[in-house]
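Protein chains: 2
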Amino acid sequence: MDLIQHIESQRESHLNELKEFLRIPSVSAKSEHKKDIEQAARWVAEKLRAAGLEKVEITPTQMHPLVYGESLRAPGKPTILLYGHYDVQPAEPLDLWTSAPFEPEVRGGNLFGRGTADDKGQVHIHLKALEALRAVHGHLPINVKVMIEGEEEVGSVSLWDFVSRNRERLRADALVVSDTSMLAKGVPSITYGLRGLNYYEIAITGPAQDLHSGVFGGAVPNPLTILSETIAKLHDRDFRVTVPGFYDDVAKIPREERKALHSLPWKEKEFRRTVGAPGLCGEKGFSIVEQLWIRPTLELNGIWGGYTGEGAKTVIPSKAHAKLSTRLVPNQDPKKIARLVERHIRKLLPKTVTHTFEVLSTGKPWVAPYTHPVFQKALHALEAGFGKKAVFIREGGSIPFVTQMHDTFRVPCVLLGFGLPDENAHAPDEHIALDNYYGGIKAVALFYEELAA
Amino acid sequence: MDLIQHIESQRESHLNELKEFLRIPSVSAKSEHKKDIEQAARWVAEKLRAAGLEKVEITPTQMHPLVYGESLRAPGKPTILLYGHYDVQPAEPLDLWTSAPFEPEVRGGNLFGRGTADDKGQVHIHLKALEALRAVHGHLPINVKVMIEGEEEVGSVSLWDFVSRNRERLRADALVVSDTSMLAKGVPSITYGLRGLNYYEIAITGPAQDLHSGVFGGAVPNPLTILSETIAKLHDRDFRVTVPGFYDDVAKIPREERKALHSLPWKEKEFRRTVGAPGLCGEKGFSIVEQLWIRPTLELNGIWGGYTGEGAKTVIPSKAHAKLSTRLVPNQDPKKIARLVERHIRKLLPKTVTHTFEVLSTGKPWVAPYTHPVFQKALHALEAGFGKKAVFIREGGSIPFVTQMHDTFRVPCVLLGFGLPDENAHAPDEHIALDNYYGGIKAVALFYEELAA
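Those sequence lines, one after another, are chains G and P.
Residue numbers for the first sequence, in my numbering: 1 to 453.
Residue numbers for the second sequence, in my numbering: 1 to 453.
One thing to keep in mind: the hints can contain errors.
Each pair may be met inside one copy or between any two copies, as identical chains are not told apart.
[What the hints assert, rightly or not] Okay, derived cross-link-like pairs now, DSS-like style, lysine-lysine, Cα gap no bigger than 27 Å in a straight line:
hint: 1; residue 1: LYS19; residue 2: LYS351
hint: 2; residue 1: LYS233; residue 2: LYS336
hint: 3; residue 1: LYS389; residue 2: LYS267
hint: 4; residue 1: LYS19; residue 2: LYS259
Calculated directly from the structure, the hints in this document are not laboratory data.
Bound-form chain G, shown alone (with noise of 0.2 Å):
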């Protein structure tokens, strides 16, 4: 049997598998979910076995537990380093799901779910690839290492110190990465470029506790108000970011390259179907796809003081608090960003109020030199996979280990993206299109058959 007619065979054995990953709330923000995390390692692990690889550990950390395993039997054989997180976002506003986060659905040929597309499902697709070699072959035609970490959504704290203390045990002639998006559906697609990002929070402190804004309103600061009128002040009308010396390090596009994002299939239209907003805001003198992918932002992300609850009540509060962040692109300097949004933060803030200024994480941008071969033999392996065409792309996400990776080992590092931009990854109702995860696992396949060839 070919390796295509046996994936083929186990489309119903691999979705069930999958669901089965799925509903463990592998949340890794909230320490809660310390128990469901430790129960996806050890369900990682499990499979990596299954798949025939034959060192496979489960690491404690100062966090989460990151599974590592390797297979080195293909002297000679190209080896790959593959990443991934079985670690997920929390899956709040739970009213907004139309089925439960961590019971698996299928509806439409998508496969709804939190961690279906971010970054579940596209683990489980590299898995159930070694899989289909392994059953194939007999063996893995090539050598692998995998590491699957479970700290992504909350800053791969972890995950440095692990590659740090095994530099040389990670060694490899390649990192693959599935964690990033198809350009559209029908359009298979290798990244090569991500964002950085720096996540920041603020809490701001006015009277010493809540007062009454009847018997004192008018006349003490209100943080709410306060904070409000800092956020207004960080962009300008433009939408351009006001944070002196934010722009100074952005690396400029050459204009081949830039013609040839203009020139990809991205469909403004489907675009704004999926925002779903009256009309769109970025920053002015880019195009859509610039403001994504090219150029740097600062978006808020949670803010929070005051009465939230049922109905009416006359507080002026005490604090008032923001979640932001913001993207980066080459050449920025994540830490020197850091620094000089702090350092504006805290001049525009008046002297009536004492507030903090934390950083929670900083990540680097990346880009890579996509004409390398293993990134020409990835392309022609989607292609295969899918059938169709397949295209280079940049992504306006964040992946900081690739990053890092990047810097350590200096190894192409090849994003293979499954997901689909409008699956929700973060939000409500995320999912996965069936098609793609099938695909994926006849790509990821074919791609390794073809290094070792």
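Let chain G serve as the given structure and place chain P on it in line with the hints.
Structure of chain P alone, referenced to chain G:
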């Protein structure tokens, strides 16, 4: 035994009974407290009967029951209509209370608990003053009509229905209300001016659903940013409200009254200590007392949207929310102001988002002619009950009922406040000074005796 001696002899039983009242968590804003509200109403009715009122009724309304009682056995003597409320503000945030909000506790001469100052403690002062008069005189020396409602903290929705339907029955020579504060410790006060209150809620929707801030960030309208930018435009650099027409109808204060306000023993230092912020912030060109009592304001009371939990979530939320309110002064018309605020906010919002704007409640400002004899009798009673010089003041808070009653019956409204501005009404660790609680019972009893003379 004379009146004062009698009241002094009951200190312990008065305090114990008040604690019983405070233990009922009669939070009117939350539907889960429906039963507590009903229990509080029954408790008040029982105490009115104990104070010698003949007709005591619990009137059901569309929301929370209203307690009414009367005693009309003093022919030829004045009739007083007494108003108070047995409902309280929500106790959140619970973790900022030193002792549990509904487990009253005496510390350092103060009684702590939700409702101690606003308004259960003050209602209880009147219940005990009436009971003392009856105990000492054998009957109530004046005619009283008592109306204690359960919706003051949520806009007194049903009260006005009740008043309209009982217009003749409620007729009185004066209205007495204790739901305000004394100017400062040791300064018994009569409030002759209150600000009105409009309360609004706004919700902004950008994307149709929560989006990944990496994949979508930089090109889509972020409702948190847009909400903040809109709020920031509601005040100018001098902290004047920018709503066009907002100040048009504000009455000028006579020079004499302004002078009297400035000569009050109001301590800026104490005010600053109570607020506890690094600085103050108010409308330019006005003193703090003026900002608090005679100037209208616009305050944020709550704001929320996006991820507000532990750690980081890279989301652009679909929705952002805010609760805000305007405090109004004579002769601003609440309905007109609501229209102006709504129109201004709608104009400020960009076309990239949709929104809803809701007026939760409106309430008129009020000012009284404090030269009327009933005010002078009240001033004397206060001075006798407390053994201190008493003053006429204004207050920044709102009691919509006072305005409505004034408009309906055109009789003097006497606001005898026994709270203090730093007693955390509407905030954690709400309390009342026991000196004022006991002094209040004596002053009110003496006031009614003086009216009967």
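Please flag the earlier hints that this structure goes against, numbers listed from lowest up. Result: hints 1, 4 break, sorted rising.
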